[in-house]
Structure formats: structure tokens, C-alpha cells
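A.B. asks: If you want the building blocks of each chain, they are given just below.
Number of protein chains: 2
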Amino acid sequence: MARVVVDVMLKPEILDPQGQAVANALPRLGVSDVASVRIGRRVEIEFEGEADLERAREIADKLLANPVIENFQVKVES
Amino acid sequence: MARVVVDVMLKPEILDPQGQAVANALPRLGVSDVASVRIGRRVEIEFEGEADLERAREIADKLLANPVIENFQVKVES
Chain A
32 MARVVVDVML KPEILDPQGQ AVANALPRLG VSDVASVRIG RRVEIEFEGE ADLERAREIA
92 DKLLANPVIE NFQVKVES
Chain B
32 MARVVVDVML KPEILDPQGQ AVANALPRLG VSDVASVRIG RRVEIEFEGE ADLERAREIA
92 DKLLANPVIE NFQVKVES
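Residue numbers (the numbering used here), protein chains in the order written: chain A, 32 to 109; chain B, 32 to 109.
None of these hints come from the bench; they were simulated from the model.
Heads up, a few of these hints could be off.
To be verified - Quick partial rundown of chain B residues pointing at chain A, CB under 10 Å, derived from the structure:
1) MET40
2) GLU44
3) ILE45
4) VAL62
5) ILE76
6) GLU79
7) ASP83
8) GLU89
9) LYS93
10) PRO98
11) VAL99
12) VAL107
Glycine included, every Cβ here is placed at the ideal spot set by N, Cα and C.
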């Protein structure tokens with residue numbers, strides 16, 4: 032079994048209200064040194080045999096990310 | 032600026048219907064060697080000064096993760 036992780040994040044120019052809501056709540060926790068919070072998705076794909084990065088990239092492109100507003104990164108995790 | 036990443040995933044014993052839906056769609060893409068897909072959240076916290084892991088852990092614990100059904104991992108990203 033080998034695990035490939037796909038990190039899907041909103042593009043930097045796209046507003047992230049969910050992350051903004053977390054950032055706005057931080058002062059109530061006494062946190063004042065956070066500049067920004069961005070929230071995306073982490074997808075763990077477990078391959079039966081070897082990790083297949085090319086295949087994972089295809090899955091991300093077709094099923095996991097919206098290319099209009101999101102970027103993704105694919106990496107093998109040990 | 033320093034970035035801390037919080038990965039929030041459902042505990043292994045908790046069903047993940049969203050990941051299951053992606054896994055079920057894979058055969059239609061011609062992918063048959065994926066054993067499982069799990070979908071969680073990736074939160075990027077940008078600190079103004081140095082990365083503060085202890086602080087990020089506190090934020091994750093209080094705001095980002097539901098400890099009943101989720102685990103989280105905190106790491107500094109360069």
C-alpha cells in the first residue's frame with residue numbers, strides 16, 4: 032500500500048470566507064500574530080500497489096479540484 | 032512570515048462518505064488500483080513573525096478540529 036496526498040487550495044486571488052471566519056475568531060483566543068488563514072482540502076489516496084503520481088494527478092484534475100478557482104499539489108507520503 | 036499547516040482528517044474508524052463517493056467514481060476513469068480515498072481539510076496559518084507550533088496546535092484544538100471524530104497534525108512548512 033502506498034499513499035499519495037493531494038492538497039487542493041483556493042487560488043491566492045480567490046476569497047476564502049471560511050478561512051477569514053477562522054482568522055476573525057482568533058483575537059477572541061488571544062491570538063494576534065496571525066496574518067491569514069486559508070482552508071482547503073487534503074485528499075489521501077491509498078494505492079493497492081505502488082504509488083502512481085501520474086494517475087493521482089489525473090484523478091485530482093478530473094474529480095478533486097475545480098481548475099477555475101483551485102490549485103492542487105500531488106505528493107507521495109511515506 | 033512563516034506558514035504552519037494543520038491537516039485535519041476524520042479518525043480512521045469514522046466513515047467518510049465524501050471520500051467513498053470519489054473512490055466509487057474511479058472505475059469510470061479506468062482506475063482500479065485504488066484501495067481507499069479519504070478527504071479532510073488542510074488549513075494554512077500564516078504567522079506574521081515566527082511560526083508558533085504551540086499556538087497553531089491550540090487554534091486547531093479549539094477552532095479547526097472536532098476531537099470526537101477528527102485527528103489533526105500540525106507542521107511548519109518552509
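A.B. asks: Output the indices of the hints that this structure fails to meet, ascending.
C.D. replies: Of the numbered hints given earlier, those the structure breaks are 2, 3, 10, 11 and 12, listed in rising order.
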